[in-house]
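Participant: Let the sequences and hints guide you as you build the complete structure.
Here is how the chains run, residue by residue.
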Amino acid sequence: MISRREGWLLITPLAVFLVLWLGFPFLTDLVYSLSQVGFTTLRQPRLSGFGNYAAVLHDPAFWQAMGFSLRYAVVETVAQVAAGLGLAVGLAPILSRYRSLLALILLPLMIAPALNGLMYRLMLNDFVGIIPIYLGMLDLSPNLLGPGWVFWTVAAIDALQNVPFTLLLALAGLQAIPPELREAARVDGASAWQEFRRVLLPLLVPVLAIAGLVRFIDSFRVFDHIYVLTGGGPGDATTGISLYIYKAFFAQQHLGLAVAASMILLLLSLVLLLALMRRSLHGARA
Amino acid sequence: MSVRLATLIVAVWLTVVAGPARADVTLLFWPGPESNAMQKVIDAFNAGPGKTDGFAVKQLLFSRVGFFDKEMADLAAGSKDFDLCLVTTYTLGRYVPFLAPINAYVSPSARQSYAPVALDSLQANGVLYGVPTDISVHFLYYRTDLIDRLLKDTAWHKEYATLAQAKLGRAMVPKAPADWTWDDFVATSLFFTKTLNHASPVRFGAVLQLKNLIFNVMLWQDTLVADGGNWLDAAGHPAIDSAAAMQAVQTYLTIIQNHATPPGSLNYEFPEANEAFGSGQVATMLQWNAAYAIVNDPKQMPVTAGKVGIAPMPAGPAGHKTHLHSLGIGLNKASEHKDQAGQFLAYLATEPAMQIYAKAGGTPPMPAVLNGLSASHPDFALVGKEAAQDGYVIKGGTATTAMAIYTLLAEKLSAIWGGQVAPNDGLKAAQQGMTTVLKQ
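Going line by line, the protein sequences match chains A and B. Once you know that position 163 of the first sequence is 163 in my numbering, the rest is easy, because the numbers rise by one and skip nothing. Once you know that position 402 of the second sequence is 402 in my numbering, the rest is easy, because the numbers rise by one and skip nothing.
Don't read these hints as lab results, they were simulated from the structure. One thing to keep in mind: the hints can contain errors.
As the list claims (entries may be wrong) - Here chain A is said to cover these stretches of chain B; the calculated rule only asks that three of the stretch's residues, wherever they fall, bring their Cβ under 8 Å from a Cβ of chain A:
hint	region
1	234 to 244
2	250 to 256
3	260 to 269
4	418 to 428
What the hints assert, rightly or not - Quick list of the computed label-pair ranges, beta carbon to beta carbon:
hint	chain 1	residue 1	chain 2	residue 2	range
5	A	Gly-67	B	Asp-69	23 to 33 Å
6	A	Thr-40	B	His-157	57 to 67 Å
7	A	Arg-182	B	Asp-69	45 to 55 Å
8	A	Ala-172	B	Lys-80	46 to 56 Å
9	A	Leu-27	B	Gly-78	37 to 47 Å
10	A	Trp-63	B	Ala-375	52 to 62 Å
11	A	Trp-63	B	Val-65	23 to 33 Å
12	B	Asp-81	A	Leu-20	17 to 27 Å
13	B	Leu-61	A	Leu-122	34 to 44 Å
14	B	Ala-73	A	Leu-272	28 to 38 Å
Model, not experiment: these values are computed from the prediction. Every residue, glycine too, gets a C-beta built ideally from N, C-alpha and C.
Facilitator: Structure below.
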């Protein structure tokens, strides 16, 4: 048993590290978000109150980007958790027998999202891309990066890369369920669906909530593969909040505005995170 | 013992005191053909004038992805890790506060070797901030086999005239690409589109690059300027919702709406357009001069190699016009080795240095150098001619706001091409956005 003093001593290095590496940038960001600042005045920001926050909140492009990010995150979370769970349940018997298969399934997670975007740029190319060639065999020629399809295309690319993550968590959750519970359900005459719906799913909720939370946060701040594939277009059809902030900062050089948008995003994320954490922890305890 | 001590003192003295006398100059650059060519120039300098003066130049390469954002951040932070850096026409305005003027290092005689527009493209308020090393202009690329037949085949003439009458409202006659107007370009694009003319040997008449990307705005604005438009009017106010801009938008839209460009064009940029043209399924392409070496290379594009023609961009009422920008080398204001860096800049601005650069793959904006190599590089003569004759720098294209305006136009035009907004509304939104950017 360590004393309270020893506890403080042990936590001090980490606390100092966090204050230095997170506290200083946070304070700088806070000052910038309340200032008129550009690349030439990085060291002399002029405080200007909440003007940047007001400008962000009155910018239709900000809300358009927020709308995209929210829709994207919801679609990705639902799709990836559902697909991960389905695959985990379906593949569990095979994966328990051939464990090395799991390594193969996890391979997409090793690819950098920007590289993934580049790969799909090639795969979706009208002339050399494998996807248009196969679609052409079926007499289909949809413009998968055109306005009508682009949202679903970038979402599918993301899902294909990240479903292995939710699969992994769901599989771990499944393996942690005592086999006696499933056997008892079967002895009581439960069908396969009833066993899944009444026994497995309730026990998997905490794991799925964590998987969903991680994927929601990651999807909400999506940037890399969209930037590479569409640059946020056509028009602003795939401009999410991260791309909005990036363009405001570097292209338009509205540093204060970009940082204010980041702070709003941070605040919203914190609220969401706390709510979801509370709910998932509550679920876990229940 | 005393000998050992003396040796140690001498060694320390040589390291600490004598060491810094050899101040290496660092050039922040991006990897690729430009840095490969630049290395040859640097090698020649280091073996010659650099050796004599006791210093060397070396390159520091950042990845090309997001290069200018990283460079901007480092310059703004006052980094002393590099002395020279890559500057371009379109980023110059943003960089000027962090660059030192280099007028003193580029002599009047050296300036005479350059195409004047190239020097203009790296100046702000009459002050030179970069030694131009590469020039980029646009060409009209076409398949010589297809166009030769179009000019000779009378049956094709008849079909060409019929299609032009149906789609553009007047019968037209095929012309040689060097004489094309934008209407000729559109008519030819429609003629070679399989869905409109089943006899076309290729699927698409043209390939446009329409991605939400600043470089695609540069290509489109050749149409704008040829039609008499510009970003700004004579008084410096935004003029992007002008009649000329609407005409330029309509030119592109006619091609898009008639499916004369591949469906994926909405997200095409430089490599995708080259792939499309190189596939042999496209008759014409509006593209940067750098593409010539790619689409005419038998190893990279065996289908089109040897069948690639180049001509000036099609003409409008204001004549043939091509956007022009330069890449060049600027001097970091925070550099601690300005004198040595300046010596290298002075060397770089000479014809012999640029000859080395051109032979190694660069495209320096020195007409004499380009013409001298035109036997081995057939595209160089046209680059020199376009730079001297049809090249323009868009009004406001070197200002601090240039990148913000390019980014804005990229988004608004991309929305028009995708059919998300009507052309009028898109141009009005662009006008409004430009007004806001210029006010800020």
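Participant: With a cut-off of 8 Å between beta carbons, are at least three residues of the region 260 to 269 of chain B near chain A?
Facilitator: It holds, with 5 qualifying residues against the three required.
Participant: Taking beta carbons only, do three or more residues of the region 418 to 428 of chain B come closer than 8 Å to chain A?
Facilitator: holds (count 4)
Participant: Is the distance from the Cβ of Asp-81/B to the Cβ of Leu-20/A consistent with 17 to 27 Å?
Facilitator: holds (23 Å)
Participant: Just tell me: holds or violated, for the beta carbon distance of Ala-73/B and Leu-272/A against 28 to 38 Å?
Facilitator: holds (30 Å)
Participant: The hint says 57 to 67 Å between Thr-40/A and His-157/B; measuring C-beta to C-beta, is that right?
Facilitator: For His-157/B against Thr-40/A, whose Cβ atoms are near 60 Å apart, the range 57 to 67 Å holds.
Participant: Counting residues of the region 250 to 256 of chain B whose CB is closer than 8 Å to a CB in chain A, do you get three or more?
Facilitator: Violated, because only 0 residues of the region 250 to 256 of chain B bring their Cβ atoms closer than 8 Å to Cβ atoms of chain A.
Participant: If you check the beta carbons of Arg-182/A and Asp-69/B, does the distance land in 45 to 55 Å?
Facilitator: holds (54 Å)
Participant: Against the range 34 to 44 Å, how does the distance between the Cβ atoms of Leu-61/B and Leu-122/A compare: consistent or not?
Facilitator: violated (25 Å)
Participant: Could you see if the CB distance from Trp-63/A to Val-65/B stays within 23 to 33 Å?
Facilitator: For Val-65/B against Trp-63/A, whose Cβ atoms are near 29 Å apart, the range 23 to 33 Å holds.
Participant: At a Cβ distance under 8 Å, does chain A reach at least three residues of the region 234 to 244 of chain B?
Facilitator: violated (count 0)
Participant: Please check whether Ala-172/A and Lys-80/B have a Cβ separation lying inside 46 to 56 Å.
Facilitator: Given a distance of about 50 Å, which is inside 46 to 56 Å, the answer is holds.
Participant: So the hint says 52 to 62 Å: do the beta-carbon atoms of Trp-63/A and Ala-375/B match that?
Facilitator: Given a distance of about 59 Å, which is inside 52 to 62 Å, the answer is holds.
In this structure, the hints that do not hold are numbers 1, 2, 9 and 13, in rising order.
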